[in-house]
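Undergrad: As a plain string of letters, each chain reads:
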Amino acid sequence: MAIIETKSLTKTYGKIQAVRGIDLNIEKGEIFGLLGPNGAGKTTTIGMLCTIINVTSGSAFIAGCNVIKEPDRVRRKVGIVFQDPTLDTVLTGRENLELHARLYGISAAYRQNRIDEMLELVDLKDRSNDITRTYSGGMRRRLELARGLLHKPAVLFLDEPTLGLDPQTRARTWEYIKKMAKMEQTTVVLTTHYMEEAEQVCDRVGIIDHGRIIAIDAPDNLKESMGGDLVVIRAKDPPVERIKALHYVSTVNFSDGALEVTMKEAHLHLAELLLMLRDVECVEVRVPTLSDVFIKLTGRDIREDGSEDSGSWVDSVARYRQKGN
Amino acid sequence: MGERRLQKELMGIYAVWWREFKVFQREKSRIISSIVQPLMWLFLFGSGIGASISVSDVNYRDYIYPGVLTMSVLFGSVFFGLYIVWDRKLDVLKAVLVAPVSRLSIFLGKVLGGCTDVILQVLILFCFSFLFPSVNPWGIPLALLLLLITSIALVSMGLALGSMLESLEGFQVISSFLVFPLFFLSGALFPVDDKLPVWLQGMVKLNPLTYAVDGVRGALLNVQIFPFYVNLSVITIFAIVMFGLGSVLFSRMK
Ligand SMILES: Nc1ncnc2c1ncn2[C@@H]1O[C@H](COP(=O)(O)OP(=O)(O)OP(=O)(O)O)[C@@H](O)[C@H]1O
Ligand SMILES: [Mg+2]
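Line order of the protein sequences matches chains A and B. Position one of the first sequence corresponds to residue 1 (this note's numbering), numbered consecutively onward. Position one of the second sequence corresponds to residue 1 (this note's numbering), numbered consecutively onward.
In short, the hints are calculated from the structure, not lab data. Errors might be hidden in some of the hints.
Taking lysine-lysine pairs in the DSSO-like style, the calculated list, with each CA pair at most 30 angstroms apart, reads [said to hold, decoys possible]: (1) B:Lys28 to A:Lys77; (2) A:Lys28 to B:Lys94; (3) B:Lys89 to A:Lys152; (4) A:Lys15 to B:Lys254; (5) A:Lys152 to B:Lys254; (6) A:Lys178 to B:Lys94; (7) A:Lys28 to B:Lys28; (8) A:Lys15 to B:Lys89; (9) A:Lys152 to B:Lys22; (10) A:Lys182 to B:Lys94; (11) B:Lys254 to A:Lys7; (12) A:Lys152 to B:Lys94; (13) B:Lys94 to A:Lys125; (14) A:Lys69 to B:Lys22; (15) A:Lys125 to B:Lys254; (16) B:Lys205 to A:Lys69; (17) A:Lys77 to B:Lys94; (18) A:Lys179 to B:Lys94; (19) B:Lys22 to A:Lys77; (20) B:Lys254 to A:Lys77; (21) B:Lys195 to A:Lys69; (22) A:Lys7 to B:Lys94; (23) A:Lys125 to B:Lys89; (24) A:Lys178 to A:Lys244.
A quick note: this is a predicted structure, and the numbers were derived from the prediction, not measured.
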């Protein structure tokens, strides 16, 4: 049985349908990414799975426990790093972990060892006795990761774990997440707006839009569904029909002197294609990214958010920064 | 199984209390102002007016000592409870609420945390009791008990209000329309006797804090209007009702 299983999971707020029937099967040990534009329903989905948001309809099981009927058992099995920071900034790093350990009933004999182990994992041991108000954004996020893992959850939810961090810190944070998932054999469900990063970290991703999952697969498979690599060539009078007939070519489009070909494994077949053309001026090869998949499926870029509640991503960043101080 | 469960809840209650105690220890300016403010009332207000009045043969400054103690319990407790609005705004509470501990236990931990803060402040104020010659030091334990029950009631009330408030703007409203009237209408600063206008007498008698002030005054100065058992019963019932109400509202809080 999958470690996370949902059927038609739905949440409505009055007239707003935040999540409209989500079916998920996530296997133990997987790193699963939930990707979607602002307001797609990612945080709401995670909230329902952690039992902090009431489910409107549908069902969800985590490690065999019913999210709706056994919230207490589910809470013991999950760890969460919320989208907005929730550290207690009056306490030191170690005290934050101590508070959490007691709330999760970790016995005194074992508590300090486990706390040390987690502090070491996120490289915060030397700052552990400082008040967290004095931590940088990246340090706070790392401490939250450690806190989320402290009680050895079967599933760790990470809602935008790298939001508001600079690129280097983001890269390091992903390193920690991968390391942690491996060391603790934890199943990780995360959301992020950084597609390239999701691509590198996630075993599988689900693309969510307007409260529905519109695609779910390994990043490589999703990219492959784009029909291969995109090659743009400037050339004179290309033999469009003959190119179309090639077995490795999926689509061909010629306009304004630019020939756009989507083809499988461009690195192998490009030379053959070029031999069929005259007066080639320039060649550009683009390997599709998860962002391209995203744009194709949702009709928009995850970062520029054309639709409703625009600016909410920017708001979250602003909020994050504000709280950070 | 049941025992293990209880043990975890107790650990949760302790965790929440422990957090509040750490916060209390770190916020030194809050402790200092909670000590200095009542002493200012006693020495500036009490000595100013007290120069010309005495009540029931007790120097006015001594007379209001129990009232000012109750005042510091009132302010300390209600504002401690209301502080959760701030915790919620900063999402500090969110990480606590997602833990496998019942809301009732978290509420209880908070109430105990608030009472601890307030009672420690009161103990410090008791250290100054030698400056008030009419105060009987042997009455302090009983006064402390009454103030503890009062504090349970008022912290619960603060948490109840804090669970309902969406923003910090409510603070101002609650302090001007609830906390200050409770204080001024409690007989903390004047005796509740026939000289008061009837409407004022009625309001004072409806205020549960009146009985706390009267009880503490009875214990420390041997001056009281109501019998001890009335004072004790009223504040105990007040505490039970507020605790119940607070725990329900806190459990429903989003
Ligand atoms: N408490 C609430 N009351 C009413 N509507 C809500 C509430 N919480 C979320 N929503 C709505 O539900 C929808 C999904 O929100 P959700 O926070 O799950 O999006 P998200 O995918 O996490 O977005 P983001 O990338 O901005 O974090 C949005 O339209 C939002 O306005
Ligand atoms: Mg979100």
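Undergrad: Now look at each hint and say whether the structure bears it out.
TA: Structure-based check of all given hints:
The hinted pair formed by Lys28 of chain B and Lys77 of chain A fails the criterion: a straight-line CA distance of about 38 angstroms is larger than 30 angstroms. Of the pairs offered as hints, the one joining Lys28 of chain A and Lys94 of chain B holds, with about 27 angstroms between alpha carbons and a cut-off of 30 angstroms not exceeded. Between the alpha carbons of Lys89 of chain B and Lys152 of chain A the distance comes to roughly 28 angstroms, so the proposed pair stays at or under 30 angstroms and holds. Taking the CA atoms of Lys15 of chain A and Lys254 of chain B, the gap is about 19 angstroms. The hint holds against a cut of 30 angstroms.
Proposed proximity of Lys152 of chain A and Lys254 of chain B is supported: the alpha carbons are some 26 angstroms apart, at most 30 angstroms. Our distance criterion of 30 angstroms between C-alpha atoms is met by Lys178 of chain A and Lys94 of chain B, whose separation comes to about 25 angstroms. Of the supplied pair hints, the one linking Lys28 of chain A and Lys28 of chain B is violated, its CA atoms being roughly 48 angstroms apart against a limit of 30 angstroms. A distance of roughly 25 angstroms separates the Cα atoms of Lys15 of chain A and Lys89 of chain B; the hinted pair therefore holds under the 30 angstroms criterion.
The hinted pair formed by Lys152 of chain A and Lys22 of chain B meets the criterion: a straight-line CA distance of about 26 angstroms does not exceed 30 angstroms. Between Lys182 of chain A and Lys94 of chain B, the direct Cα distance comes to roughly 27 angstroms. Compliance with the 30 angstroms bound is thereby established for this hinted pair. About 25 angstroms separates the Cα atoms of Lys254 of chain B and Lys7 of chain A, which keeps this hinted pair within 30 angstroms; it holds. Only pairs whose Cα atoms come within 30 angstroms are accepted, and Lys152 of chain A paired with Lys94 of chain B is accepted, the gap being roughly 19 angstroms.
A C-alpha spacing of about 25 angstroms is found between Lys94 of chain B and Lys125 of chain A, which places the hinted pair at or below 30 angstroms, so the restraint holds. At most 30 angstroms may separate the alpha-carbon atoms for a hinted pair to count; Lys69 of chain A and Lys22 of chain B exceed this at roughly 35 angstroms. Taking the CA atoms of Lys125 of chain A and Lys254 of chain B, the gap is about 35 angstroms. The hint is violated against a cut of 30 angstroms. Restraint check for Lys205 of chain B and Lys69 of chain A: not satisfied, since their Cα atoms lie roughly 48 angstroms apart, outside the 30 angstroms limit.
Distance check on the hinted pair: Lys77 of chain A and Lys94 of chain B sit about 17 angstroms apart at the alpha-carbon level, within 30 angstroms; holds. With a C-alpha separation of about 26 angstroms, the suggested pairing of Lys179 of chain A with Lys94 of chain B holds against the 30 angstroms cut-off. Between the alpha carbons of Lys22 of chain B and Lys77 of chain A the distance comes to roughly 28 angstroms, so the proposed pair stays at or under 30 angstroms and holds. With a CA separation close to 22 angstroms, the supplied pair Lys254 of chain B and Lys77 of chain A stays within the 30 angstroms bound.
For a cut-off of 30 angstroms, the pair hint linking Lys195 of chain B to Lys69 of chain A is broken: about 61 angstroms separates their Cα positions. About 26 angstroms separates the Cα atoms of Lys7 of chain A and Lys94 of chain B, which keeps this hinted pair within 30 angstroms; it holds. Between Lys125 of chain A and Lys89 of chain B the alpha-carbon distance is near 29 angstroms, which keeps this suggested pair within the 30 angstroms criterion. With a C-alpha separation of about 42 angstroms, the suggested pair Lys178 of chain A and Lys244 of chain A falls outside the 30 angstroms cut-off, and the hint is violated.
Hint check: violations occur at hints 1, 7, 14, 15, 16, 21, 24; the rest are consistent with the structure.
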